[in-house]
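Chains as they are written, first to last, in numbering that gives the first Met the number 0: chain R, 0 to 298; chain F, 0 to 298; chain L, 0 to 298; chain X, 0 to 298.
Source of the hints: derived by calculation from the structure; they are not laboratory data. Heads up, some of the hints might be wrong.
Identical chains share a label here; the pair holds if one copy fits it or two copies do between them.
Heads up, simulated SDA-like pairs for lysine to any residue below, C-alpha to C-alpha not over 25 Å straight-line [to be verified]:
1) K293 with P162
2) K157 with L241
3) K116 with L154
4) K157 with A20
5) K34 with H161
6) K293 with R185
7) K157 with Q284
8) K27 with P186
9) K96 with S275
10) K293 with Y183
11) K157 with F31
12) K27 with S89
13) K293 with Q278
14) K157 with P38
15) K116 with H233
16) K116 with N145
17) K116 with W36
18) K35 with G9
19) K293 with G267
20) K116 with N282
21) K96 with A63
22) K95 with D290
Protein chains: 4
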Amino acid sequence: MGKDTISMAGIFPPIPTPFDAAGELDWKALAFNFKKWAPYPLSGYAVLGTNGEFPYLSEAEKLAYLEAARKYIPSGKLFMAGVGCESTHSTVALVKKVAALGADIALVITPSYYKSKMDGAALTHYYQIVADASPIPVSIYNMPANTRVDMSADLVIKLSQHPNIVGVKDSSGNLAKLGEILRYARPGFQVLAGSAGFLYPALCLGAIGGVLALSNIAPQQCCDVLHFFHQGRHAQAKELQLRLIAANDAVTSRFGVAGLKAAMEIVGFCGGLPRSPLQPLNNEQRAMLRDVLKEAGII
Amino acid sequence: MGKDTISMAGIFPPIPTPFDAAGELDWKALAFNFKKWAPYPLSGYAVLGTNGEFPYLSEAEKLAYLEAARKYIPSGKLFMAGVGCESTHSTVALVKKVAALGADIALVITPSYYKSKMDGAALTHYYQIVADASPIPVSIYNMPANTRVDMSADLVIKLSQHPNIVGVKDSSGNLAKLGEILRYARPGFQVLAGSAGFLYPALCLGAIGGVLALSNIAPQQCCDVLHFFHQGRHAQAKELQLRLIAANDAVTSRFGVAGLKAAMEIVGFCGGLPRSPLQPLNNEQRAMLRDVLKEAGII
Amino acid sequence: MGKDTISMAGIFPPIPTPFDAAGELDWKALAFNFKKWAPYPLSGYAVLGTNGEFPYLSEAEKLAYLEAARKYIPSGKLFMAGVGCESTHSTVALVKKVAALGADIALVITPSYYKSKMDGAALTHYYQIVADASPIPVSIYNMPANTRVDMSADLVIKLSQHPNIVGVKDSSGNLAKLGEILRYARPGFQVLAGSAGFLYPALCLGAIGGVLALSNIAPQQCCDVLHFFHQGRHAQAKELQLRLIAANDAVTSRFGVAGLKAAMEIVGFCGGLPRSPLQPLNNEQRAMLRDVLKEAGII
Amino acid sequence: MGKDTISMAGIFPPIPTPFDAAGELDWKALAFNFKKWAPYPLSGYAVLGTNGEFPYLSEAEKLAYLEAARKYIPSGKLFMAGVGCESTHSTVALVKKVAALGADIALVITPSYYKSKMDGAALTHYYQIVADASPIPVSIYNMPANTRVDMSADLVIKLSQHPNIVGVKDSSGNLAKLGEILRYARPGFQVLAGSAGFLYPALCLGAIGGVLALSNIAPQQCCDVLHFFHQGRHAQAKELQLRLIAANDAVTSRFGVAGLKAAMEIVGFCGGLPRSPLQPLNNEQRAMLRDVLKEAGII
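In isolation and in its complexed conformation, chain R is listed as follows (with noise of 0.2 Å):
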């Protein structure tokens, strides 16, 4: 699969990152969630991005966690793996050794620190030269609920001119941002929808798939979305989407990752705890999100 044909289309989960009791990374129970999400449609896996929890690692137990999943992911599904931090040296280096592990797409959020700073001189730099020395396709990764860094839609077009820049994971939820993007970007870029909540008004506007935290507890049902739009069922497809639309808020913004690895046990993979400061979900929110689950179907 050459750089210019790789096709980003489907469902991809971005999977939280299993920690055992003691707070290190939990290799079974990695092993144990990738033969359970085999089954299903999905097309890859994202690594390492927000929903697991990539901030969180150190960059051995980064390297050690992608060359894991590089191990459990089947040959004919995509590998993405997050790559971003905050200076381009550190992201330069960083992608280099995660191509070598194998991962097919570097996912590339904003940095974000200097927020005032980034804006499209250091952003477009920034990409750039990331892309040219990234030895596989880039994707960029908009995420500013978390950054509070948006990239405009004019700078996401510009950026698509380069020849290793594919596509972009958007989370913004801002449709007619996505819409213009998908209009002026160079043809063939892709557009992933960042989130559950929008997947389908996305992809009736162009986007290809979605790298989605509810495709990991419901994986059948997000690739059910996209299904019934590619056969033109638009009505099952809206009927669905607007099922999932809460479901999808409890495991992002209204419970993070917290909730996220919560539902993944009510559903019957391994969650375990996100390492603090992030805080585990008591017993009220247990019960609350598993009633958002069964009101979604999804239990």
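Add chains F, L and X to chain R, keeping to what the hints say.
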């Protein structure tokens, strides 16, 4: 048309308020514009919304203007009137007058000056008292870009239980929120897109139309998006939606009311200047606006 | 007292507007409160500011209320009147009426509904036209917590060149900005702290007083901070300042106008309820407020 | 110097991290700078703060850099080291290494990536575990402009009860909050201004010094503000404070780390470039910076 059955389906331009060279209400321009909108398949008009510079009119001007609008709006078209004030006291007084003048729907924006206190309890109190007092059906109007108050799905869903609150015009662009409202609000509660930037995706989720700044200057195109959607011609709806996004952005967030008024003139309506402190477009901005409208096929 | 020499030095309570049980302006309560403030060494009163619920009064109510205030404010005390409307047109009309009623200073808040367009050009245009038209001196009123428009030091410095713009009441709490204004504004330009939470540090930088919600209920203490400062008794000024912060917070950001009105009653003034949608304090909040006032030595 | 008695009184430059032309750590430049700071009455140095581009160094670089700093910092001066990571796990690991290297104080910034979940419970958990584990005293580091997490007075006051949390460096500029901390934190809890823009007013309220970007390039002036304050020479402290605000703004919010590094060169230190994606100043910006430094009397 009874309260229970009033339908807000379709496309509604939130009309700009024309001022003459002296900065006073320009009745001739208003009449001219209504005549020019008449042939299009619009469902009605929203008067004294954000695009109508409602905060810039005195109380007496508002009443005179709505009275004039009533004369020009044909009986088959819905007359939505912006009546939201900061206090319950003022809004109740205004909605009664406006109903007496013959408006069909009261568009009630969230109060916002004391924004940190506009929590669920305050907004529930406000909308319930206004809806109780209003002789005409009420539509919630959520416009967080201006108010910095963003009504949650939960709150809209709760208010949808009031028999005189018939719908919501939401300009937040948060499609997941719209979807949640559409799934959980009382059956028959009507959701309108508040911006042409996300009209088609909102329709896909169940919205029944929109109050769209862009429909002032591109009424046919906006109605076409709805028409294509109704006929299941998704490819055409999408193509047209993508084409309109940049133009919509130009007459809303980018250039604001001054941009909308300049665009009105470019396409042959009476536009004029906004009231100060809103500043008119300079020549360079006008040229950019013209280019955007051309690219969108509007001129 | 001429325009050029009018002094805003000292402490000014931005008085709350009393409403009776029916929600109408309560003249008796107003008279009562002014009588009770009379013995304190306040420099004057600010009427129809944020604490006066100015956005909740009709145009007619505003004029009647200001007329009443004029009667109760002794000639030796300054009468500041909030006259800011959203449009230049409305503000100019109001400031003329208010000057005719006998107000001494026009307090002009930044217009804010179209916040993304309230840039330097728009605000400069606004303040210059208002100041040109105003028969009485104008003070800028910056209140970003409510308006979400924050005037920069540069803009205030530029506007300070206008001979009829005599000062600024800044509630942002940004002391570095106050300092920049104090250094670069035209000599004689008067800076007032907009909150008792930072009165003493603002005085240390060169502010000459404050318009302070807290001075409604603790007029002596607020005047004492100023007095200690003037006498070079820094340790006492500091000690008192620290003691007042929590009480100030309670009657401003924490409990808002409803909290200020409840505190008015606790200390023996007429308070009453704010207009809806502002909600009155519940019993638990009242008890907390009482504790805070006690801890501060106000009761 | 025991935990209980360590004093952070005085002025601390948060030193910029010098990189050579290849973008690698420049030890010679570091040595040069420390030699040049040596004659000033600074109380110590803060290494790997925001101005030290801490998010841009790898773990190995951080340790090598702190080790080098330890060599250059004389024993009479305090060595504050920035050790805050996103996870409790990583911060605990780092603080132990840093203590072993000989740092005196651990400066622990708020974790912020999962900002919506960084509530009181999460931050309390984080700081308590870090402070329990740290062999050296901990200072909280609040920097909301970068983190978009703003620790409340209540939270800081609560954490001040921990015997190993000795103070806070607050860069929010919210003087009322500083005052509340100063009044209610445990006796002896040390408050440092996080920016020279409000050093003097913070001292007036009880702060005992500051960690000030400006003190890198104007160490004497910053120490003078403190000196004047200690001697009760308020007029001189104020005059100098007002003079420094614009220069401070230039090397912090306006031009950021790149501006600070450019200013370092202008005043005779080694500056160099920040790491990408931070962009160096262009010539026009450098000229503006030079003008500002001249106006402030720094050059």
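To see whether the hints hold, each was checked on the structure:
no.: 1; hint: K293 with P162; verdict: neither (44 Å within a copy, 30 Å between copies)
no.: 2; hint: K157 with L241; verdict: between (34 Å within a copy, 18 Å between copies)
no.: 3; hint: K116 with L154; verdict: both (15 Å within a copy, 22 Å between copies)
no.: 4; hint: K157 with A20; verdict: neither (46 Å within a copy, 29 Å between copies)
no.: 5; hint: K34 with H161; verdict: neither (36 Å within a copy, 46 Å between copies)
no.: 6; hint: K293 with R185; verdict: between (42 Å within a copy, 21 Å between copies)
no.: 7; hint: K157 with Q284; verdict: between (43 Å within a copy, 22 Å between copies)
no.: 8; hint: K27 with P186; verdict: neither (42 Å within a copy, 47 Å between copies)
no.: 9; hint: K96 with S275; verdict: between (27 Å within a copy, 20 Å between copies)
no.: 10; hint: K293 with Y183; verdict: between (41 Å within a copy, 15 Å between copies)
no.: 11; hint: K157 with F31; verdict: neither (41 Å within a copy, 42 Å between copies)
no.: 12; hint: K27 with S89; verdict: between (29 Å within a copy, 22 Å between copies)
no.: 13; hint: K293 with Q278; verdict: within (23 Å within a copy, 36 Å between copies)
no.: 14; hint: K157 with P38; verdict: neither (38 Å within a copy, 40 Å between copies)
no.: 15; hint: K116 with H233; verdict: neither (43 Å within a copy, 36 Å between copies)
no.: 16; hint: K116 with N145; verdict: both (17 Å within a copy, 10 Å between copies)
no.: 17; hint: K116 with W36; verdict: neither (40 Å within a copy, 28 Å between copies)
no.: 18; hint: K35 with G9; verdict: within (18 Å within a copy, 46 Å between copies)
no.: 19; hint: K293 with G267; verdict: within (14 Å within a copy, 55 Å between copies)
no.: 20; hint: K116 with N282; verdict: between (42 Å within a copy, 17 Å between copies)
no.: 21; hint: K96 with A63; verdict: both (11 Å within a copy, 22 Å between copies)
no.: 22; hint: K95 with D290; verdict: neither (44 Å within a copy, 43 Å between copies)
Checked against the numbered hints listed earlier, the structure breaks hints 1, 4, 5, 8, 11, 14, 15, 17 and 22; every other hint is satisfied.
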